[in-house]
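As you go down the protein sequences, you meet chains X and A in turn.
Residue 109 in our numbering sits at position 109 of the first sequence, with consecutive numbering throughout.
Residue 104 in our numbering sits at position 104 of the second sequence, with consecutive numbering throughout.
Everything labelled a hint here was simulated from the structure, so no lab data went into it.
We put the CB at the ideal spot given by N, CA and C, even for glycine.
Among the clues, some could well be false.
[Unchecked claim] Some chain X residues judged to face chain A by a derived CB distance under 8 Å, without partners named:
| no. | residue |
| --- | --- |
| 1 | Pro42 |
| 2 | Leu86 |
| 3 | Ile94 |
| 4 | Val105 |
| 5 | Ala129 |
| 6 | Ser176 |
| 7 | Val183 |
| 8 | Arg201 |
[Unchecked claim] Below, a sample of chain A positions facing chain X; criterion: calculated Cβ distance under 8 Å:
| no. | residue |
| --- | --- |
| 9 | Leu56 |
| 10 | Trp77 |
| 11 | Val135 |
| 12 | Leu142 |
| 13 | Val162 |
| 14 | Leu174 |
| 15 | Ala212 |
| 16 | Leu216 |
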Amino acid sequence: MHLPDGFLAAPVSGALYVASGAALGAAVRRAGDESEPGAAAPTMGLTAAFLFVAQMLNFPIAGGTSGHLLGATLATALLGPWRGLLVLTVVVAIQAFGFADGGVVVLGANVFNMAVAGCLLSAVVLSAARRLWLARPMALGVAAWLSVMLAAALTAVELAASGRVAAGVVLPAMLSVHAVIGVGEALLTVAAYNLLVHHRRLPGAGVWTGGQGAEPWRLGVVLVLGLLLLRLACPHPDGLESVARAQGFAVAATEVYRGAPLPDYALPGRSESVGAWVSAVAGIVACGGLMLAVGSGFRRRTAS
Amino acid sequence: MTTPGWAVAVAGLVVVGACGSLTRRLANGGALLGESLGLFSPPARHGPLHGVSARLKLLGVFALACAASLTPLVRLWVAGVLVGGLLVVSRLPLSTILARLGELMPFVALAAVGALLRGDAALFALVLSRAVLTVAALVLLLATTPLPLLVEAARRLGLPPVLASTLALALRYLALLSDEGSRLALAFDARAVGPRDLRLARPLGRVVGSLALRALDRGERIGQAMAARGFAGTFPTLEPELRSDWRQRLGFVSFVVALGIAAWPR
């Protein structure tokens, strides 16, 4: 699931750097404790090292293939969504810089797929399960499976948006493989959690009590909006459009995108490559600006 | 676009080497990280690049990765010459460079093989040559910069303190937890009976859980020890090694400008 460099178009990786940066900024604001600076550092550092090692334990899947743990749900259950997100970001960064597992340019995309989306989704699922009186192991399993599926779907959509593969090809392929890997992830997560509970190291950090459960909803909405805006910066819409055509709403889509600020990514009177660059930068700025605007709107509403 | 023959030949050689390195790693008694990992072995020999500010080196790797992913295949030789020149200047032993490249390449090479399987040789050569350049730059960075200095440089460049201290402690205890993980995995392999399929996920989950238990316990003890020694959120810094003089800055700027000219769309 770690995308290497060169697999995503420049605007897509740029936009995902912005999205991951926004999520990390929010996480840093909420994860820090001013009363005792650095008190959480050892736990977070050791959890990052633990998740790194846990991701290297392969589990066999029928048919000779194997998968490995992602750990987003486990990190959320151990540390809460914000600290879990930071810890997984560190894991992904070490994998990229120290082991060339995942690229440097697409680091933002990898952080978004595996750390940000996984932890926020897990927090949402866990807090929803608390309201529904769902048993905790069950909730953990569902969250773990969904986090793997979301990461796979995001990876596929980003590849398609970069024009590398048609979405109709890559999306079913990724999802079908990861539906099985996700079952392994769910079983591993639940077993690990049960062991921790058995040893009275009850993980929690607010996800079960609801203290941190509500906020990820808002950031989730912001990030989904950001992903939709990614469409503006997308230089090769063919992949996504093939799915749209299959669904039968391609006509509506062309109507919408003919009104895009830089149609066909070419400024009049300029060479095409310059137009593509300008539209890429414009798309990134638009994504970032709109996400910041929506995010600050949410913050103001919560403050009042 | 026509693919230069040399690019395909080089790419093929790299893939063969990388696959050999991967099988060696997998056959290596199931060790998770391996003993010969470049990340944890000390820098080989003191060369001119060791004295360059860690901040400039980190920024240079980012610049190179970005430029390489924007440069078309025909002009990628500029970045290649720059990285090759730095590798020569660094006076690192060739054996070290090749060994570390071999350790880092498998992930990248296996991903690039996907493009080859689809029959797209041009994309394959492009992805692989970009990846080789970026990985060579990473090898250079890691071989000439101690890890604590690298984390401090990232913090000075704007990495939030929470992330910086998490990163520093994770890097510090990675090898240790990896050893514990290897031992747990070995014990699991020795005792786990039954079909090797998804049914093993539950007992393997207990292995993961006990690793988490050890990590949390150790984290608690480390936290108490650090608090007893007066840790308050920041690590002591090594100031002089982060400074850069005008010659370093000039070299950095010309490096980035050369990359930018090669990557400029035309």
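Hints versus structure:
1. Satisfaction of the interface hint for proline 42/X is found here, the shortest Cβ-Cβ separation to chain A being roughly 4 Å, below the 8 Å cut-off.
2. Interface restraint check: leucine 86/X against chain A, minimum CB-CB distance 6 Å, threshold 8 Å, status holds.
3. A cut of 8 Å between beta carbons decides the hint on isoleucine 94/X: the least distance to chain A is about 7 Å, and the hint holds.
4. The interface hint given for valine 105/X holds, since its Cβ lies 5 Å from the closest Cβ of chain A, which is under the 8 Å cut-off.
5. At its closest, the beta carbon of alanine 129/X sits 19 Å from a beta carbon of chain A; the interface hint therefore is violated under the 8 Å criterion.
6. Because the smallest distance between the Cβ of serine 176/X and any Cβ of chain A comes to about 15 Å, over 8 Å, the interface hint for this residue is violated.
7. At about 6 Å, the closest approach between the beta carbon of valine 183/X and any beta carbon in chain A falls short of 8 Å, and the interface hint on this residue holds.
8. Proximity of arginine 201/X to chain A holds as hinted, the smallest CB-CB distance being about 6 Å (cut-off 8 Å).
9. A hinted interface residue such as leucine 56/A counts as satisfied when its beta carbon comes closer than 8 Å to some beta carbon of chain X; here the least separation is about 16 Å, so the hint is violated.
10. Using the Cβ-Cβ criterion of 8 Å, the hint placing tryptophan 77/A at the interface with chain X is not satisfied: the shortest such distance is roughly 17 Å.
11. Evaluation of the valine 135/A hint against chain X yields a held restraint, the C-beta minimum of about 5 Å falling below 8 Å.
12. Because the smallest distance between the Cβ of leucine 142/A and any Cβ of chain X comes to about 7 Å, under 8 Å, the interface hint for this residue holds.
13. Interface hint status for valine 162/A: upheld, as the beta-carbon distance to the closest one in chain X is roughly 6 Å, under 8 Å.
14. For leucine 174/A, the interface hint holds, the least distance from its beta-carbon to any beta-carbon of chain X being 5 Å, beneath 8 Å.
15. Against a cut-off of 8 Å between C-beta atoms, the interface hint on alanine 212/A holds, since the closest Cβ of chain X lies about 6 Å away.
16. Taking 8 Å as the C-beta cut-off, the interface hint given for leucine 216/A holds, the closest approach to chain X being about 6 Å.
Checked against the numbered hints above, the structure violates hints 5, 6, 9, 10; every other hint is satisfied.
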